[in-house]
Structures are given as C-alpha cells and as structure tokens.
Amino acid sequence: MQKTFHCRISTTSERVCVFGTGDMGRSLGLRLLQAGYGVVFGSRRPHSSSSLIPHGAQVLGHAAASQSAHLIFIAVQREHYDFLVPLANQLKGKVLVDLSNNLRKNQYPEANAEYLQSLVPGAEVVKGFNTLSAWSLQNGPSDANRQVYICGESVEAKQAVIAVAIKLGFSALDQGFLSVARELEDFPLQLFPQWRLPLRIAIGLSAAFFFYLLIRDIIYAYVTQSKDISFRIMVSLANKVCPIVSLIMLSLCYLPGVLASFLQLYRGTKYRRFPDWLDRWMLCRKQLGLLALGFAFLHVLYTLIIPIRYYVRFKATEQNRTTQFDTTTAWRGDSYLSLGILGFGLYVLLGITSLPSVINTLSWREFSFIQSKLGHLTLLLCTAHTYLYGWNRFLSSSTYKWYTPPGYMLCLVLPSVVLLLKLLLITPCVDRTITRIRQGWERGADQRNPKDSQPLIP
Amino acid sequence: MQKTFHCRISTTSERVCVFGTGDMGRSLGLRLLQAGYGVVFGSRRPHSSSSLIPHGAQVLGHAAASQSAHLIFIAVQREHYDFLVPLANQLKGKVLVDLSNNLRKNQYPEANAEYLQSLVPGAEVVKGFNTLSAWSLQNGPSDANRQVYICGESVEAKQAVIAVAIKLGFSALDQGFLSVARELEDFPLQLFPQWRLPLRIAIGLSAAFFFYLLIRDIIYAYVTQSKDISFRIMVSLANKVCPIVSLIMLSLCYLPGVLASFLQLYRGTKYRRFPDWLDRWMLCRKQLGLLALGFAFLHVLYTLIIPIRYYVRFKATEQNRTTQFDTTTAWRGDSYLSLGILGFGLYVLLGITSLPSVINTLSWREFSFIQSKLGHLTLLLCTAHTYLYGWNRFLSSSTYKWYTPPGYMLCLVLPSVVLLLKLLLITPCVDRTITRIRQGWERGADQRNPKDSQPLIP
Amino acid sequence: MQKTFHCRISTTSERVCVFGTGDMGRSLGLRLLQAGYGVVFGSRRPHSSSSLIPHGAQVLGHAAASQSAHLIFIAVQREHYDFLVPLANQLKGKVLVDLSNNLRKNQYPEANAEYLQSLVPGAEVVKGFNTLSAWSLQNGPSDANRQVYICGESVEAKQAVIAVAIKLGFSALDQGFLSVARELEDFPLQLFPQWRLPLRIAIGLSAAFFFYLLIRDIIYAYVTQSKDISFRIMVSLANKVCPIVSLIMLSLCYLPGVLASFLQLYRGTKYRRFPDWLDRWMLCRKQLGLLALGFAFLHVLYTLIIPIRYYVRFKATEQNRTTQFDTTTAWRGDSYLSLGILGFGLYVLLGITSLPSVINTLSWREFSFIQSKLGHLTLLLCTAHTYLYGWNRFLSSSTYKWYTPPGYMLCLVLPSVVLLLKLLLITPCVDRTITRIRQGWERGADQRNPKDSQPLIP
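Residue numbers (UniProt numbering), protein chains in the order written: chain A, 1 to 458; chain B, 1 to 458; chain C, 1 to 458.
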C-alpha cells in the first residue's frame, strides 16, 4: 500500500522513462517535460538519437534508462519488442506502458500488450495512451480526444499511469484487466461502428425509393407522353426521396421503444432480456434519428429553393389564371407548410439535445421527456404534414400510375403504425399496467415476496 | 488517515457489497464486475436470487454479505429499509451508499439517506448515484449523464465512494453534507426548473399577440369587408407572432443586465445585493435568449416558404403591373431582408456559443464579449430590421385599424428602450463611472481604507 | 510523503483561509463553505468586515487567520501585497494561492505570483483560480468555465490546491512550474487569439471582393448605361461576396494540409519540422473552416430570400415569355442548386463535428475521416457548384466587363489548385510513398537501423 502511494506522488516530481525516440516517443517526452517530469529516453544508439529528442531530456541506453525510473513508456513498434527480452531482469517490478497500435484488425494472434507481458513477465504491463495521436500529444488535449483509456492487471500500476495522464491534462478511464487490451488496440482502427447499420438502412431506402420514383415519374412520363423530364432528377426527385427516407427513419427510431413496451406488457415483467435484435436496434436509435434529421434538413433546403428554379420560374410566367381562388386549398397548403415547419423545428431541437455536452446538463427525466414525448410529437407533426400533402389525392385514381401508389403514401405506413401503437400504449388502462411493470411489478408474482428484488428507478 | 487511504485503494482490488438484486442492484453489480471489483450481493433469499445476478458475483444473506466488504450499496426501496435495523451491529463503521429515489417530491418527511442514517447510526451513510438510471449504469457513462453527485457527513466515506465512481467511469462531485440529500433525491424528479419562467413568458406573449393579431387582421377583415381570410392563421399570423415574441424575448434577455448597471450606478457601489427578482431574472437570461432564437428560427422558415404558398403564387399571377419600379422601395426591402439575415446569423452564433462544450473553450472575457457585445449588436440589427419593415407605415393612419397599432409597433417598444439605456451606459462619462464601480470603487467610500476589500476581477 | 497525503485529506475536513474580503474573496469563501470547508477570512479590520462575509465564516486579523489553516487564498490586488511582508514568518511552509489578475497585459515586469513568492520566500506559492470570475464562483461551475488552471514549484502544494478545486466542482489542470504564471495571468485578458488571423483574412477578402464587385456591377452599370442599381448592394452584392469568401476560406483550410504532404514527399521524411508559417497555418485550419461555414450560411439565407425581394417580384410580373423551355438550362440550374445543397449539408456536418463535445466522442480515425475525406468532398461539391453557376459564361466575352473576370471566376482559382494537388496525392503511386513516409519510412535511410526510431501511429 505504502509503496503504491509513494510511487504515485513521486513519479510527479521524479523521472519517467520513454523507450523509443520516434514520433510518438518524442511527442510524449516533450509533453512530459512540459508537465514538470524529468524524462529519460532509452535508445539503442543514444548518441545518434540525442539530436532528435526534446530539449531537457536525457538519452541513455535501454538498460541504463530503465534504472532511472519506475514507469517506462514503450513507444516502439511491436515487431521490435524482442529487444526487451534481455532487459527482463532490469524491468522486474517496473510499470511498462504499452502505447502501440496496429495497422489493421487481427494483425497478430494476441494483443500487443499481452505479447509484451509474455516477454517481460516480471513487469507490470499497462495498456494505454494508444488512442492518442502524436499530434494530439504534442498540441495538448485541447481539441482532440481528451479521454485516455487504460487497462492492466495491477491496480497500483494503473494508478501510477492514471496519475501521469491527469498531469498531462487527460482524463483517464480504467477499462479493466489486460484482456481488454485487444479492444483498446482496435479502437483507433474503428470507423463509426454504431453508424454502420443506420447508414446502410438510409442508403438502401434512398436507393429503393429513388428507382421507384424514377420509374413512376420520369420513365412513366417518357413512356406514356414521350416527355423528357429527366432534369427533374436533380431537385424534384431528390426532394421526394429525402422526406420519405427521413420519415421512415424517424419511425424506425421510435418503433423499437414501442415494441419493447408491448413485449414487456405481453411478458408481464421487465426482468427478462429483450431479444438480441431488439437490443441492437434500441442501441442505434440515436443514429437513426440523427440520419433522419439530416434527410429532413436536405428536404427543407430542397423545398426552399423551389421558387428559384428555372423550371418553376418558367412555369410561373406560362401559367394562365383559369381557376378561382380556393380557400380550402389555401388552408390545406398553409397548414401543410406550417406543420412541416413546426415538425422541423422540433426535429432540430431533438438534434441539439443529442449533443453530448447538452445531454450532460439534462437530468434523466428531462432527457426522456425530450427524446420520448417531444420525439413522438415530432413524428406526429411530420406524419400529419405528409397526410396533408397527400390530401384528397389518396382517393383519385390518377394518382396510381401503373397501379403503383406514390412514394409519400408508402412512407406513411410505418409512422402510422408506430403512432397507433403508441396511442394504444398511452390509453389509461395500458399505461397503468406498463408503469407498474416498469416499477418492478411482475404479473403472477404477487404471491412471492418482492422485497429486495424491486428496482429503484421507474 | 492511514485507514482512509487504505480503504480507498483496497476497495479497488477487493470486494464491494450490493444489497438488493433488483434492476438497479444488478446493473450496478455488473458494472462493478466489469471495472474489476469483486461483487457480493446481499439478498433475503440468496438461493432463489442467484439465477438473476450477473455472472461472477456471489450472493449471500445480508449479514454474511455485509461482512465481506467495507462499502455497501443499498439498492433497495426506502419502504424496505427496516430489514437493516437488525443488521445495525454488523454495519457499524461500514460505508452505506444510498441509491434510492422517490416517485414524487416530498413523498417522505425526511430524505431517504437521512432516514437510513437514523436506522443505522453507526454506519457512514453516503447519498449518491441516484441520478443515474439502471440503463445508463448498464451501458456505461457514454451518452447519459456522466456526472455523479454525492453527499455525506464523513469525508473518508465520500472519498471511498468517489474512488469507486471514478473507477466506473463517472466523474463524482461532492455536494457537501447529508443535509443536501433531499436535494439530490429531488434532482431526478425535476423537469427543466430553469426553463419554466421563460417558457411561461413565451407562451403568454405568443397567446396574447396571437389573439391581438387575430382580431386586427382576420376578424377586422371579416367585419369590415366580409372577407374570410382565416386561412392566414397558419402561416401569415404565425409569421407575425414568431418575430414579435422573438424580439421581445431577446430584449427581456438584455434588459436585466442594463437595469443592474443602472442600479449599481444609482447605489454607487457593487457591494449590495440586487433585489431578488432581478437576481432570478438574470439567472434565466440564457433560457430567454435561447427561446428567442427558437422563435427567430421559426420566423426564418415561415418567411422562406412564403413564395411556395398557394396564396402567394395565386396572387402573383393575378397581379397587374400598375406601378413604376421604385428604387427607394427596392433599397428598403433589400436592407430589411439583409439586416434580418445578418441579425439571424449573429443570433445563431450566440446560440452556438451557449452550448456547454463551446462555453468551456472560451475565456471569461471572450464569453462576455460574445454574449454582451455581439448580443446587443444582434438586438440592434433585429430592431433595425423591424423598423425598416414598418418604414413609413408608422405615419399612415390606415395602419391603425380600430385605433390599434400593429403588432410590430408594439414589439418595438421594449427593444428600443433597452437599446437607448445601453446607449446611455456606453457614453464615455457613464461608462467610466460604471467601470470604476465594477473594479470595486464605492461612491463616498474614498475616505475609508479600501485596501483588502477590493475585488480582483473587474 | 506522509505529510503531503495528510494535508491533502485534512484540508477537506479542516479550515481554509482567505485573505481579502472583496468580491472574489467573499464568493470563494461562500463556495468553500458550501463544499464543507471551514473558512477563516483574514482582514485588516476584522470587526468592520464581519458584516460582509458569508454566514458561517470567521474573520480574524491576518496573522491570526494564517495560523488557522495550511492553505491560504490571497484574494487581494497585487498593489496591496506588501502587507504580507511582515507576515513572512507566520506564512513559512503555508500554501499561498495567488488568485490575482491584471487589467492589461505586461502591466508589471514579473507575474503577480512570482512577485508574491519573492515577498514571502518561505511559502509555497501556487497560481490558480484566476481564470474564474467571482460570478462563476458564486453560481458554481455549471455554465461558465469548469476548468481551473494552476501552476507552482511544489508538487505537494499543487496537489493540495487541486484537491480543493475538485471539491468545489472544478476540474484542475496542472500547467507546470511558477514560470507559467504570467501566461495564466494573461489568459483572462486574451480575446480569441486563434481567431485573429482567420478573421483578418475573412475581412480582407470580403472588403476586396466587395469593392471589386461594386466597380464591376454597380459602377459599371452607372457609367455605361447610366442606370442606378445601387440598391443591389444590400442583397445581390452581399450574396456574391459571401459565397466567394466562403469558397476561398474553405480552400485555405485544406491548402496547408496538401502543402505539408508535398513537403514531406519532397523531403522524403516526416521527421523534419514544417516551416513556422505552415505550422501556424495548420493550427488555424479549424477557424478558417468555421468562418467559411459562416459565410456559406449567410449565402444560403441570401439565396433563399431571393424570390421574396421586391425587385425580383417586380421583374417576374414584367417578364414576357420570349424563349422556349430549354431542358439543358433546367438540368444545369437544378444540378447547380442540388450540388449547392449537398455541399452545404456536408459543410454543416463538418461544423457539427468541430464542436468540442462531438470531437471527444470520435476516435482519431473517425475524426480524420470526417475532416479530411468529407472535407475535401465538400470542397469538391462547392467548387462544382460554382463551375456550374458559371457554365458557358466563361467563354462569352460579355462576361468580361472592363476586361475583368467576374468574382466567381476569381474565386475558383484556389479551390481548383487545391483539388488538383489533392488528386495528385491520391494517385496510387504518390499515395503509397506518402503512406510509407507517414509510417516512419525515410528516403535514403534504409541502410540505417531504423529499429527504435519508428513511429507507432501511421
């Protein structure tokens, strides 16, 4: 115990060792110097390296360098780790921080940090700092990732490394034992893992509706009336695909929550896990919603530039006034636009409250009020906006070119289902049951003593 | 002292106990296991509970479980706390973390944590973690609230709990003594307390101006000309209410600051507290400003869809060119639009710099530059935008239907007053006095020795 | 060692002393009391001060107060520091926290904290908390800057101050030795140092293009056709300046990265520092990009209000249909608008991912994917948007009024160059070389043993 504490404080005023004088090693050394540490570099050729290293640091051979500090950063590529084997004795009891990354996933059978531990069994290996780039180390943790993830077997060793991280201005997060090292090493290689499924859904839906509408609008006009209106692809068609995909994505964002409620209602308990597909779906709701917002944003822009279009301006001058002013049409048109605006306003509000720093200022109840109550209201407004857009065209047979329904009709199916199910859930009798289930009540469990198996948060 | 330190480190590698195998208890236990703790659950029926608990944890009876750890999380509802009374002896000296929440405010006469302390006087009760949901515990502190609030009498006990919180990836904030527990227990129940007053003002203003304009525009046309233009409610009326409310809210956001300056000027000192109403008003300036931005955003959207409206397109074809092109009108119209755009641009900039994560990157001087200088500039641009909108209609008697001024005239009163007062404040002689007051100077206090009562930050 | 630990814990349950009962001192004292500290104010006239100080604190003379605590906050202006000289003996070994700020840069030859240290050489001076205002201290670190910066010679003293900062709800960042104090004292006085250069570029470009276009458009029409179209300044001219400046700023944001790659390619190594101007340029890329986004946002608003303008509505009614509908023009117009919309959508995405809290959730690879890949795609879309806007007017001699090219042609030069250079960089053979260089390969260095001088992160 005493020892740990000692090392934790003393590292600050004492020396830290860095093996490797490459980019990463030098950047780290510079930052350590700035934070007030003494830095000793370990190098194979100390004399030729000394010109490269930051001013104020020392360069020694590996063995000599390792003697000067309790904590040693290994800023060397994994392929060269074998130089550590002959040093195993000197490194006994030292804390070795493995900074290494790989160029691709599953490059090696085991994690670099585990390999390092196997080479120097007497040392206490801690994986960490590998999610930082040399650039962000040099320039401080102002803009780039401030978080540092570490893992390792020894609590004392991790404490010492956390202390250094904090001194350097990072906040360190202990991720557990060394077996997590592979995950940490994969982290810098990952590219939006949570966005993949939602992005694929968005692209798939966009492509499907694009071709559907291409056939119904452009090709239909060409085949039946020999008119070339292919120029409409760029704006008119895009402005149909965007709102359709946005509305479907938004209902996909709220569907899993509704399904989960019905599942709990059916099972009569909340203590059974959801099926895996539902769990995974629920975890990507945020991404689905944000993509929906992106498509809605494009829809708004595409709509607003309509009057500037050459085609529209040309039409306007051509148009002859043949009809009387129709108040119903005016009502319908203005309501349709107004609902769209209000829906988009709420949409943007949902987007803003998805920003990490805004979420952090919200209590749990506030967050769920916005994301659930306002979210369903947004869905309601956007769905009503689409229904008003369709208006009485649902009944006219000329709408169904080649016996196919128009895109906006297809995209209304899912949100209507979600809203109907949600309506069922908020009817008083169902709502009462679901609230009791969420507070821990279990159907058919009343005879059991539920004393300490009850949850605390509804 | 030694003991504290000992417990702080040793908890990490040792065991933590969780009483209660409900939702919250199990989620917490799982997270503790992932962070490398040994976890022992305390349950009334250890055998029947063991199937539910996360893999790797142990279940024992309450008495046996409490012996295995120094830190015990009480994940049981308050109604069942009495089972702890017979354990009082075993719990002596232990740290008990009260996780409980209530279903509504003032459900019980005293805070749950204080009640717990009264039941087990020998233990050191710490309130904490109750602002987290079981969901956010299970899924880690990535998206939901990362902050954990704790309070308690014993510094050592709180240190131990903070250490656990940090290990679990949360950042812990010590809020003081156990008397704060009630506040912490109310926190998850609160719903935008700071937004209530500004929201009520916004709704009140919207309703008032809606009915005022409904009478002046729609009903007036119906009564005097028997024309039904009720369809204008959806867009035209909304597009009058939004900018009016936005401008008034924005001036309400800057008025208290100006009033405070005049109060300091009148009193000749800054060392007297502002009246309570002014303090409360100043604390909700941010919310007033953000709501104003929301209304401005809707105003922009409502304005931009004007040319798409059926009514406007119908009018356009009907219109006969009767007038000559008027350069003054062109100047006025374009200036009016341009000021509106620049004002909205600054508005959005103010909104972005209100995001918590952006504020954190600004120095105090930068923050006040944006929120004060740019804020007043925004108000100036928006007010000028409205004046140009009115233009010479202020003088025409036909503007005053039923002897009432139009909405945009009414909404100009407050911003004009704020801008005039601000103008007074930045005249050199007044500015000099206010600056001296803010630097600690007091009128009539020159004979006193102001040595160590002077402030440091202007 | 033991002593340090002792003071770190004991300060929490014990007393802290504050010298000075001004604004700052009282605010700090109040906050310390709320966090559970005992607070003793040191004042020259303890009896007259006692009415001002927060309830629960004590006021004593300086000498008596200093005896009651190990940690003393000096909330007094620098001019009055001399009262500390006679107390030098009592202050020996105490931790003195210098909170002071100056009214302007370089007000004194040395930092206030260094001056304080010279007056009381036996004490351990720590600079800190000076970036906070009294206001943010009173109202807690919720909205204003949560970060506290400290520096000082003694590690133990800094640890004690960090512990207090954490208790008060701030996160403390150790910036190094006392020599950094001057920098910390200058911090509250700084006003967007990183934004200066980009802002100057933006203003310079705006002014240059404004006058260029004023001459080409307004004055040319007046001179050659005696037409007064000066009203166009407000919207038409603004809507030319905004997109031009935006596109140039965006290419200025991506040019330094491309130049750096070519420099590395030419040098055959990445281990030589970039020239200073390139380094400085690269550090303000974010600001350049965000300003470009601001101008693009204004351009979008200016474009969207076009159909509402009096001039445009007047023209529309005047217009006689003389031409046939031209599908090519429709294609060109719609593509131009569509590219602009998509470009702006990506632009906004880049802006959102520049928010500090969003950056923190991205891995390094994700961040560079967005800022580099999507950034260059944005530049490509916006450049194509501008080329389509020009269309065949590049070839028509009437475009070149007074032999000058129009603004959109001038602004295409830089983005075209950047895109061409980038295209060169991503051709397979060049890309292979640059990737090897970034992984640490050096041209002509193969004979050397590169073992431990290799970087770890590509």
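These are computed hints drawn from the structure, not numbers from a lab. Even glycine gets a Cβ: it sits at the ideal position worked out from N, Cα and C. Hints are supplied without guarantee of correctness; some may be wrong.
Unchecked claim - Part of the chain B face toward chain C, derived, beta carbon under 10 Å:
| no. | residue |
| --- | --- |
| 1 | 64 |
| 2 | 307 |
| 3 | 334 |
Here is how each hint holds up against the structure:
1. 64: 32 Å, violated
2. 307: Interface hint status for residue 307 of chain B: holds (4 Å vs cutoff 10 Å).
3. 334: 4 Å, holds
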